[in-house]
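J.: Place chain S on chain U using the hints.
Residue strings, one per chain:
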Amino acid sequence: MSVAVVASGLDKVFGRGTDAEVAALSGIDLMVQDGEFVSLIGPSGCGKSTLLRLVADLIEPTGGTVTVFDKSAHQARLDQDYGMVFQHAGLFDWRRVAANIELPLELKGWSKADRSRRSREMLDLVKLPDFSRHYPRQLSGGMQQRVSIARALSFEPRLLLMDEPFGALDEMTREHMQGELLRIWRETGTTVMFVTHSIPEAAFLSNRVVVLSPRPGRIHTIVDVDLGERTEETREDPEFFAAATRIREALRAVEDGS
Amino acid sequence: MKFRPGALAPPLVAGVLFLGAWELTVRGFGIREFLLPKPSSIWEQLVDQWPTLRHAGWETGRIAVSGLVVGILAGVLLAVGATRFRTLQEGLTPLAVAVNATPIIALAPIFNAWFGITGSLSNQAVVVAVVFFPVFINTAKGLTEVHPDEIELMRSYAAGEWTILREVRIPNALPFFANALRLVAPLSVIAAIVAEYFGGPQDRIGNVITSNAGFARYDAAWAAIAVASAVGLALFATALLVERLSMPWRLTEGYGETEN
Numbered sequence: 001m002s003v004a005v006v007a008s009g010l011d012k013v014f015g016r017g018t019d020a021e022v023a024a025l026s027g028i029d030l031m032v033q034d035g036e037f038v039s040l041i042g043p044s045g046c047g048k049s050t051l052l053r054l055v056a057d058l059i060e061p062t063g064g065t066v067t068v069f070d071k072s073a074h075q076a077r078l079d080q081d082y083g084m085v086f087q088h089a090g091l092f093d094w095r096r097v098a099a100n101i102e103l104p105l106e107l108k109g110w111s112k113a114d115r116s117r118r119s120r121e122m123l124d125l126v127k128l129p130d131f132s133r134h135y136p137r138q139l140s141g142g143m144q145q146r147v148s149i150a151r152a153l154s155f156e157p158r159l160l161l162m163d164e165p166f167g168a169l170d171e172m173t174r175e176h177m178q179g180e181l182l183r184i185w186r187e188t189g190t191t192v193m194f195v196t197h198s199i200p201e202a203a204f205l206s207n208r209v210v211v212l213s214p215r216p217g218r219i220h221t222i223v224d225v226d227l228g229e230r231t232e233e234t235r236e237d238p239e240f241f242a243a244a245t246r247i248r249e250a251l252r253a254v255e256d257g258s
Numbered sequence: 001m002k003f004r005p006g007a008l009a010p011p012l013v014a015g016v017l018f019l020g021a022w023e024l025t026v027r028g029f030g031i032r033e034f035l036l037p038k039p040s041s042i043w044e045q046l047v048d049q050w051p052t053l054r055h056a057g058w059e060t061g062r063i064a065v066s067g068l069v070v071g072i073l074a075g076v077l078l079a080v081g082a083t084r085f086r087t088l089q090e091g092l093t094p095l096a097v098a099v100n101a102t103p104i105i106a107l108a109p110i111f112n113a114w115f116g117i118t119g120s121l122s123n124q125a126v127v128v129a130v131v132f133f134p135v136f137i138n139t140a141k142g143l144t145e146v147h148p149d150e151i152e153l154m155r156s157y158a159a160g161e162w163t164i165l166r167e168v169r170i171p172n173a174l175p176f177f178a179n180a181l182r183l184v185a186p187l188s189v190i191a192a193i194v195a196e197y198f199g200g201p202q203d204r205i206g207n208v209i210t211s212n213a214g215f216a217r218y219d220a221a222w223a224a225i226a227v228a229s230a231v232g233l234a235l236f237a238t239a240l241l242v243e244r245l246s247m248p249w250r251l252t253e254g255y256g257e258t259e260n
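These protein sequences, in sequence, are chains U and S.
For the first sequence, this note's numbering gives the first residue as 1, with consecutive numbering after it.
For the second sequence, this note's numbering gives the first residue as 1, with consecutive numbering after it.
One chain only, chain U, in its complex shape:
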């Protein structure tokens, strides 16, 4: 199995040398295997979103290195090796659903025919085949987030970076979207790094859960989760509860400062 992401000795300090200096991350060593689903969880201020942005090369580390598919994070961004999904779906109001999905392809210079073929495939993948001509504001929050996922996957990146993508959804929609995401993950074989606040979400989705402690953000524990093929029944499986408990205990330990 090849390696998707390697972070070694990663530090991030915001506002260095000012009164507002914050050590967001310190000494992060993490390796994500190709095809893995890894969640980042921890109390607010633990730097989980910062870590994701460092991998995405949206911010630069103060120390240490990140490589994505054996390239620098910067090169990986230029090569569009990853797709990104935010909590805020971030669809453009002025583009119809299909045109939103096609935006990254447009920027890459794909032909119109190739673009519309791909956006149709993507809408099938996220199960919104009849919505290509809609505007984003005509969709519900869950549907918008599916479009956002379709857009992130449209150029077939090998890595998907997700920053609390289901954070703003209600509980039922959220569980449904989790199931959909796992199906898409299996169908596409994409590596996923997933930031979340939710213990059951992390347990249900991930192969490994990285528990971070705050100020400065460090990796406290990595919890392995082995639930095999997830189905809706998994949510009532004792193994699932056991995994959630292990994550919860790690988070408690973080909050107790041990």
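These are calculated hints, taken from the structure and not from any lab test.
It cannot be assumed that every hint is accurate.
Quick list of the computed label-pair ranges, beta carbon to beta carbon [stated by the list, open to error]: (1) S:P148 with U:D130: 30 to 40 Å; (2) S:A7 with U:K127: 34 to 44 Å; (3) S:T252 with U:D237: 41 to 51 Å; (4) S:E90 with U:S8: 31 to 41 Å; (5) U:K127 with S:W58: 35 to 45 Å; (6) S:L95 with U:D130: 43 to 53 Å; (7) S:G6 with U:D93: 53 to 63 Å; (8) S:E145 with U:T18: 20 to 30 Å; (9) S:M247 with U:G109: 25 to 35 Å; (10) S:L12 with U:M172: 48 to 58 Å; (11) U:M172 with S:L77: 45 to 55 Å; (12) U:E232 with S:E145: 40 to 50 Å; (13) S:R84 with U:K127: 50 to 60 Å; (14) S:L251 with U:D237: 47 to 57 Å.
According to the in silico footprint, chain U covers these stretches of chain S (three or more CB under 8 Å from chain U) [what the hints assert, rightly or not]: (15) 152-161; (16) 164-175.
No experiment lies behind these values; they were computed from the predicted model shown.
The beta-carbon is built from N, C-alpha and C at its ideal position, and this holds for glycine as well.
T.: Just chain S now, kept in the frame of chain U:
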């Protein structure tokens, strides 16, 4: 938000009732015509003086529209420049806000000295100055007030600043620009007429109003005012039309909980 002909009925009825009440009040209380002429007298003047009024309305409308076009172009281009180049923004924005707070129309007599009192140029300059600042400030706001995630998303596609400007900032600024347009379209007519009070050719709405009022022909002055408001309304309607045509996504029904 589809147009329904039935939607026109309430304002039409209200307008007719308003004019009827005006006519009856002036007649009933015997209000003298130099204080408030009857709508019927104003209408008579409108018909009598139509060739003069039509010409004056057309000329003033031309001043307003030409000033509007130049002011909008200047406002938009400088807003784009200010967004793209930080130094330009830091220098220009506080200045623009300060100048916007001063009553630009007071500059009309000065502009006469600069651009000449006999031609249209000084009147056009007043309109340009009045139109420029709201357009500049609103458009610049729309270009910069973009959700940070949307910028990060574009950067994740390795998009450069110009691409972000084209794909995100400009469409994001359209509603802000449309608001400015609604504001400045009627404002341009006001600016043109006030500027005409201070000088310029004598066949314009502003002069028709002042000269008629000077000879106590108030019904004719009111007729000219009616023409001026028709020009203002036409420009406002055009602004609304531009707004609708440029943002088709705003015409669709929302899902309801779009923020979710």
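J.: Now look at each hint and say whether the structure bears it out.
T.: Now for the hints, and whether the structure bears them out:
1. S:P148 with U:D130: 30 to 40 Å: holds (32 Å)
2. S:A7 with U:K127: 34 to 44 Å: holds (39 Å)
3. S:T252 with U:D237: 41 to 51 Å: holds (43 Å)
4. S:E90 with U:S8: 31 to 41 Å: Holds - the Cβ-Cβ distance for E90 (chain S) and S8 (chain U), about 40 Å, lies within 31 to 41 Å.
5. U:K127 with S:W58: 35 to 45 Å: violated (59 Å)
6. S:L95 with U:D130: 43 to 53 Å: holds (52 Å)
7. S:G6 with U:D93: 53 to 63 Å: violated (29 Å)
8. S:E145 with U:T18: 20 to 30 Å: With Cβ atoms ~25 Å apart, the hint holds.
9. S:M247 with U:G109: 25 to 35 Å: Holds: the Cβ-Cβ distance is about 27 Å, inside 25 to 35 Å.
10. S:L12 with U:M172: 48 to 58 Å: holds (49 Å)
11. U:M172 with S:L77: 45 to 55 Å: Cβ of M172 (chain U) to Cβ of L77 (chain S): about 50 Å, so the range 45 to 55 Å holds.
12. U:E232 with S:E145: 40 to 50 Å: holds (42 Å)
13. S:R84 with U:K127: 50 to 60 Å: With Cβ atoms ~40 Å apart, the hint is violated.
14. S:L251 with U:D237: 47 to 57 Å: holds (49 Å)
15. 152-161: n = 7 at 8 Å, threshold three: holds.
16. 164-175: holds (count 4)
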